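J.: Protein chains in written order, with my numbering: chain A, 492 to 606; chain B, 62 to 176.
A portion of the hints provided could be inaccurate.
Unchecked claim - Selected chain A positions facing chain B (Cβ under 8 Å, derived; list incomplete): (1) Ser515; (2) Asn521; (3) Ser524; (4) Asn550; (5) Phe551; (6) Pro553; (7) Phe555; (8) Ser577; (9) Leu581; (10) Tyr595; (11) Phe597.
Since the hints were made in silico from the structure, they are not lab data. Here the structure is a predicted model, which means the values were calculated and not measured. The beta-carbon is built from N, C-alpha and C at its ideal position, and this holds for glycine as well.
So the chains spell out like this:
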Amino acid sequence: ETGVTQSPTHLIKTRGQQVTLRCSSQSGHNTVSWYQQALGQGPQFIFQYYREEENGRGNFPPRFSGLQFPNYSSELNVNALELDDSALYLCASSLAGGGRNYGYTFGSGTRLTVV
Amino acid sequence: AQSVTQLDSQVPVFEEAPVELRCNYSSSVSVYLFWYVQYPNQGLQLLLKYLSGSTLVESINGFEAEFNKSQTSFHLRKPSVHISDTAEYFCAVRRHQGGSEKLVFGKGTKLTVNP
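Produce the entire structure from the sequences given, and follow the hints as far as they go.
T.: Okay, structure coming up:
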């Protein structure tokens with residue numbers, strides 16, 4: 492059983508650029524959630540994808556967007572990067588049904604630095 | 062809205078001493094509570110969870126937490142810590158949002174175990 496894999500592990504971008512982060516979900520999981528963890532803070536929910544559609548969103552602007560593919564992997568896209576977007580981005584996969592999630596498995600994260 | 066408060070941002074202790082990491086949550090009809098651990102430069106690992114049943118839950122590495130509904134607390138304890146327990150610990154509550162669920166995290170407690 493494979494876990495959650497995120498890529499890349501680190502990257503540096505310039506303010507105003509766009510970035511795409513990738514996540515492969517754990518085998519048997521059908522839902523992917525993305526979290527932003529700023530330095531010294533707990534993770535904050537960005538959004539969740541289920542059956543290739545966004546079905547829950549936190550307090551993040553529209554320049555944060557995502558995709559889920561038929562194999563349940565996912566991408567997080569951030570446009571017009573700002574310095575405050577510098578953070579660890581965590582992907583969590585889970586098995587969902589009937590509006591409930593049955594256990595989350597987190598990846599190791601992508602450390603994004605915006606300069 | 063459900064929220065989580067971790068009362069201590071940093072807890073230094075000596076090896077083999079007992080430790081308690083405090084977590085309080087805002088009340089709700091039903092509560093599902095979690096403790097996650099994050100080692101340096103890694104993602105989140107589930108330590109233990111309370112969904113229902115016995116209010117005392119245990120992990121495989123000696124940690125335990127007790128769900129106290131009257132005090133709205135879910136404190137994490139270990140009777141004797143090891144150097145390897147040095148990490149950041151996050152308390153989280155599962156919250157419904159529309160047709161989905163998300164985790165709401167506290168700001169974390171950094172546990173440092175000194176020799």
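J.: The structure should be examined with respect to each hint, and the outcome stated for every one.
T.: Hints versus structure:
Hint on Ser515 (chain A) is violated. Least Cβ distance to chain B is approximately 13 Å, over the 8 Å limit. The beta carbon of Asn521 (chain A) comes no nearer than 12 Å to any beta carbon in chain B, farther than 8 Å, and the hint placing it at the interface is violated. Nearest Cβ of chain B to the Cβ of Ser524 (chain A): about 7 Å, under the 8 Å cut. The hint holds. Given hint, Asn550 (chain A) at the interface with chain B, is violated; its Cβ is 11 Å from that chain's nearest Cβ, farther than 8 Å.
This hint is violated: Phe551 (chain A) has a C-beta 12 Å from the nearest C-beta of chain B, more than the 8 Å allowed. Because the smallest distance between the Cβ of Pro553 (chain A) and any Cβ of chain B comes to about 17 Å, over 8 Å, the interface hint for this residue is violated. Proximity of Phe555 (chain A) to chain B is violated relative to the hint, the smallest CB-CB distance being about 15 Å (cut-off 8 Å). Evaluation of the Ser577 (chain A) hint against chain B yields a violated restraint, the C-beta minimum of about 15 Å exceeding 8 Å.
Against a cut-off of 8 Å between C-beta atoms, the interface hint on Leu581 (chain A) holds, since the closest Cβ of chain B lies about 6 Å away. Given hint, Tyr595 (chain A) at the interface with chain B, holds; its Cβ is 7 Å from that chain's nearest Cβ, closer than 8 Å. Among the interface hints, the one on Phe597 (chain A) holds; its C-beta lies about 4 Å from the nearest C-beta in chain B, closer than the 8 Å criterion.
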